[in-house]
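Student: Sequence:
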Amino acid sequence: MKTVLIPTDFSSSAMHAIDYALNLYKCERTNFYFLHAYADDVYGPFKTNGETSFEQQKEAIKNNTDKSLEDLTQKLILREHNPKHTYKTLSAFETLVDAVNDCVNELNVDIVIMGTKGQTADKKITFGSHTVQVFKYVQCPVLAIPLDYKYQQPKKILFPTDYMLPYKRRELKLLDTLASEYKSEIHCLYISDFEDLSHRQVDNQRFLKEALSSAFLFFEIRPTKKKAEVIMEYIKKNNINLLVMVNSRHSFLEDMLYRSTVDEIGLRLKLPFLVMQNLPR
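Be aware that the sequence shown starts at 30, since it is given in this note's numbering, and climbs by one per residue.
Think of the hints as simulated: they come from the structure by calculation, not from any bench. Any given hint might turn out to be false.
Only pairs whose alpha carbons sit at most 30 Å apart, straight line, appear in this in silico DSSO-like list of lysine-lysine [stated by the list, open to error]:
id, residue 1, residue 2
1, Lys184, Lys87
2, Lys117, Lys87
3, Lys202, Lys238
4, Lys104, Lys197
5, Lys202, Lys185
6, Lys265, Lys202
7, Lys184, Lys256
8, Lys197, Lys165
Note that this is a predicted model, so its numbers are computed, not measured.
Could you put the whole structure together from the sequences, leaning on the hints where they help?
Tutor: In structure tokens form, the structure reads like this:
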């Protein structure tokens with residue numbers, strides 16, 4: 030069975046991500062865990078006024094959280110009962126990243142699915158600060174779903190790669206299973222002015238072919254200019270439904286997440302974005 034963790038702040042963005050997740054795995058036996066991390070809820074609004082203690086405030090927010098999570102699961106069960114799916118709820122007095130990482134380790138989570146922005150969404154940006162933090166620090170593949178993206182099966186998947194990484198088999202298996210389910214094309218995009226690959230790159234490309242054997246694989250090369258521009262052009266020309274990138278040291282994605290913001294670099298995505306962490310698990 031797949032184990033899917035969905036952090037929620039009960040916003041429309043979070044609900045949209047839940048709907049996408051239920052559609053994506055509608056034919057697979059899946060355990061869905063809905064998580065709300067409420068440390069920020071406690072520390073944000075809390076001020077000592079002599080009447081409410083910190084512990085009382087914390088307990089009240091926990092009770093509200095548990096009630097909201099229960100209401101969410103009941104709503105989903107009534108709306109679309111899928112015998113292949115089970116729903117469980119989790120509340121945690123932690124920051125979002127810590128809570129998600131704890132759940133990933135304890136539950137052996139396969140993928141985290143979440144919205145791109147939360148309740149305090151800024152329309153000018155693609156990814157909210159919480160989503161970027163999860164991309165950067167959570168040790169598990171993370172799939173972010175834009176609020177205005179209408180569900181489409183991931184028939185065409187773009188995977189930019191320089192073939193320099195020895196990818197982790199478990200994360201590629203997640204992608205391969207998805208491709209098998211939807212008979213997807215995976216377009217491996219190499220952005221370089223040189224067509225010849227080193228021995229290391231050839232070995233890693235061969236490994237990709239083996240690990241993604243269920244997909245229709247395409248290996249593409251595009252000349253170097255701004256990488257974000259190349260990616261966005263390819264998405265438009267080829268009607269891509271899902272972008273996959275790997276967050277690892279010295280990668281293009283790390284450069285975006287750490288040295289700037291995704292939006293400043295120009296990767297203004299309007300489609301689901303899967304970030305693989307390339308970590309042994």
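Student: Confirm or reject each hint.
Tutor: These are the hints, each one checked on the structure:
1. Lys184 / Lys87: Since the Cα atoms of lysine 184 and lysine 87 sit roughly 45 Å apart, the hinted pair is violated (cutoff 30 Å).
2. Lys117 / Lys87: Given that 30 Å is the threshold and the Cα spacing comes to 22 Å, the pair holds.
3. Lys202 / Lys238: Distance of about 12 Å is within 30 Å: holds.
4. Lys104 / Lys197: With Cα atoms ~37 Å apart, lysine 104 and lysine 197 exceed 30 Å; violated.
5. Lys202 / Lys185: holds, 17 Å
6. Lys265 / Lys202: holds, 27 Å
7. Lys184 / Lys256: Judged against 30 Å, a Cα distance of about 23 Å means the pair holds.
8. Lys197 / Lys165: Satisfied, since the Cα-Cα distance of roughly 17 Å is no more than 30 Å.
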